[in-house]
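Residue numbers (the working numbering), protein chains in the order written: chain Y, 1 to 118; chain U, 1 to 191; chain V, 1 to 139.
Source of the hints: derived by calculation from the structure; they are not laboratory data. Cβ atoms here follow ideal geometry from the backbone N, Cα and C, with glycine treated the same way. What you were told as hints is all true, and nothing was included just to trick you.
Calculated pairs, EDC-like style, for lysine to aspartate or glutamate (alpha carbon to alpha carbon, straight line, at most 20 Å):
#  : chain 1 : residue 1 : chain 2 : residue 2
1  : Y       : Lys33     : Y       : Glu107
2  : Y       : Lys33     : Y       : Glu110
3  : Y       : Lys67     : U       : Glu130
4  : Y       : Lys55     : U       : Glu117
5  : Y       : Lys55     : U       : Asp3
6  : Y       : Lys55     : U       : Asp109
7  : Y       : Lys67     : U       : Asp115
8  : Y       : Lys55     : U       : Glu130
9  : V       : Lys12     : V       : Glu60
10 : Y       : Lys55     : Y       : Asp2
11 : U       : Lys82     : Y       : Glu108
12 : Y       : Lys33     : Y       : Asp109
13 : U       : Lys82     : Y       : Glu110
14 : Y       : Lys67     : U       : Glu117
15 : Y       : Lys33     : Y       : Glu101
16 : U       : Lys82     : Y       : Glu107
17 : Y       : Lys67     : U       : Glu135
18 : Y       : Lys33     : Y       : Glu108
19 : U       : Lys82     : Y       : Asp115
20 : Y       : Lys55     : U       : Asp115
21 : U       : Lys82     : Y       : Glu101
22 : Y       : Lys33     : U       : Asp78
23 : Y       : Lys33     : U       : Glu81
24 : V       : Lys12     : V       : Asp57
25 : U       : Lys82     : Y       : Asp109
26 : Y       : Lys67     : U       : Asp3
Which bits of chain V does chain U cover? Going by a derived footprint, with three or more residues having C-beta under 8 Å, they are:
#  : segment
27 : 19-32
28 : 42-49
29 : 76-88
30 : 93-104
31 : 108-115
32 : 123-130
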Amino acid sequence: MDFIIGHYNYWIAIFLMMIGFYTVISRGNLVKKIIGLNIFQVSVFLLYISMSTVKGGAAPIITAGVKLYSNPLPHVLILTAIVVGVATTALGLALVVRIKEAYGTIEEDEIHQQDHSL
Amino acid sequence: MIDIFITVILLAFLAITAVSIVRMTNLFAIIMLFGIFSFLSAAIFVVMDAVDVAFTEAAVGAGISTVLMLATIALTRDHHEKASTSHRPWLPLAVVIVTGAALVYGTLDIPWFGDPEAPAQMHVAPYYIERSVPETGVPNVVTAVLASYRGFDTLGEVIVVFTAGIAVMLLIGGRRRKSNARSNEGEEDDK
Amino acid sequence: MTNNLILRVVSKSLIPLIIVFALYVQFHGDYGPGGGFQAGVIMSAAIILYALVFGLDAAEQVIPSTILRILASLGVLIYAGVGVVTLFLGGNYLDYSVLGETRVAGQHLGILLVELGVGMTVFSVMLIIFFAFAGRGRP
Numbered sequence: 001m002d003f004i005i006g007h008y009n010y011w012i013a014i015f016l017m018m019i020g021f022y023t024v025i026s027r028g029n030l031v032k033k034i035i036g037l038n039i040f041q042v043s044v045f046l047l048y049i050s051m052s053t054v055k056g057g058a059a060p061i062i063t064a065g066v067k068l069y070s071n072p073l074p075h076v077l078i079l080t081a082i083v084v085g086v087a088t089t090a091l092g093l094a095l096v097v098r099i100k101e102a103y104g105t106i107e108e109d110e111i112h113q114q115d116h117s118l
Numbered sequence: 001m002i003d004i005f006i007t008v009i010l011l012a013f014l015a016i017t018a019v020s021i022v023r024m025t026n027l028f029a030i031i032m033l034f035g036i037f038s039f040l041s042a043a044i045f046v047v048m049d050a051v052d053v054a055f056t057e058a059a060v061g062a063g064i065s066t067v068l069m070l071a072t073i074a075l076t077r078d079h080h081e082k083a084s085t086s087h088r089p090w091l092p093l094a095v096v097i098v099t100g101a102a103l104v105y106g107t108l109d110i111p112w113f114g115d116p117e118a119p120a121q122m123h124v125a126p127y128y129i130e131r132s133v134p135e136t137g138v139p140n141v142v143t144a145v146l147a148s149y150r151g152f153d154t155l156g157e158v159i160v161v162f163t164a165g166i167a168v169m170l171l172i173g174g175r176r177r178k179s180n181a182r183s184n185e186g187e188e189d190d191k
Numbered sequence: 001m002t003n004n005l006i007l008r009v010v011s012k013s014l015i016p017l018i019i020v021f022a023l024y025v026q027f028h029g030d031y032g033p034g035g036g037f038q039a040g041v042i043m044s045a046a047i048i049l050y051a052l053v054f055g056l057d058a059a060e061q062v063i064p065s066t067i068l069r070i071l072a073s074l075g076v077l078i079y080a081g082v083g084v085v086t087l088f089l090g091g092n093y094l095d096y097s098v099l100g101e102t103r104v105a106g107q108h109l110g111i112l113l114v115e116l117g118v119g120m121t122v123f124s125v126m127l128i129i130f131f132a133f134a135g136r137g138r139p
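Excised from the complex, chain Y in its bound form (with noise of 0.2 Å):
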């Protein structure tokens, strides 16, 4: 019972990383593949945040009578990556709004179909 206690944050966080993997690489629409990378994203987050965590400690803000926090390096890691995170997203979702501009469908598929890609 403790092992999986101390291993079921790790292995929630393989479990969505492998679904936004499966999103990216099984699905057709652009957005949704986009959807997909985020969930990776958030797995990538998830796994920092379980490793800096330490049992009975707080929040890392300094107070007075409290002698144990959390690991506060990881959390700048990931406050910053989460801020990159939406702008690369944008960068993605914009790149999406010109695609349809030019082929006029977001499927992958067809975007091979009109360039004869595949």
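Mind docking chains U and V on chain Y? Use the hints.
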């Protein structure tokens, strides 16, 4: 004990939401579910003591991302994912299962969740926690590390955000020119 | 959505509160959760709410896109400029200790300025992105 219980339940919700995102084909519903997904992950970050991260995830993931995705499906006027013909699910599924199994095997000797003796807690983190108030006078260690100890890092991130803004502006900012591309919809040609 | 009375009234009373909260998050980030990244996003959410309810043209009158572009660059410039100032005062790049009379005062000032730069850039870049997406759909 109670926080572990809450985490277990919230993580299960997160996994269920992710599965239903993959199975749905209505893009509007998918985007709304993705907003819920972001809020759930923010709640999990609060339980795991990462309050700053939770704050950002709730504002960015559930707020701005959702708005941008809704704007995209409004622009592309495509609200349903079409059933794919060339994609068969079995090969991707096999790839995903094999990769996942390898990763799960890798977690077997990882330090347990919440272990205070884990290598990740041993090196710089005690330094930051002990020295941030005497050195910077800032009780929120995350802010101190973000702006002061790792200032270079954050400068890079800000420049990435700035560059992404410029790139979006170059791609879709400004008015649309008369399009001579292969557009299926005639109404777009006269704009 | 511009004719919906309830939305207009509720958002009119909410937007000032959101902006005040964003400023609180910006300047209280040293003591509680928060900082430039979060404050910038919350501030831009207020303007996005305004644009959704009152229309894009009204929002662009509140904050024109030229000002947004200047703000975005200015934020990065403040951040990098603080580093250059510390160089001239004899410290390392982005070592804020030399900015004030004491080490702690210098660090405090440096963190405040840097977070301000971060907040400005994030706020304006999020709005630039939103206006680009929303403006694309305009006839």
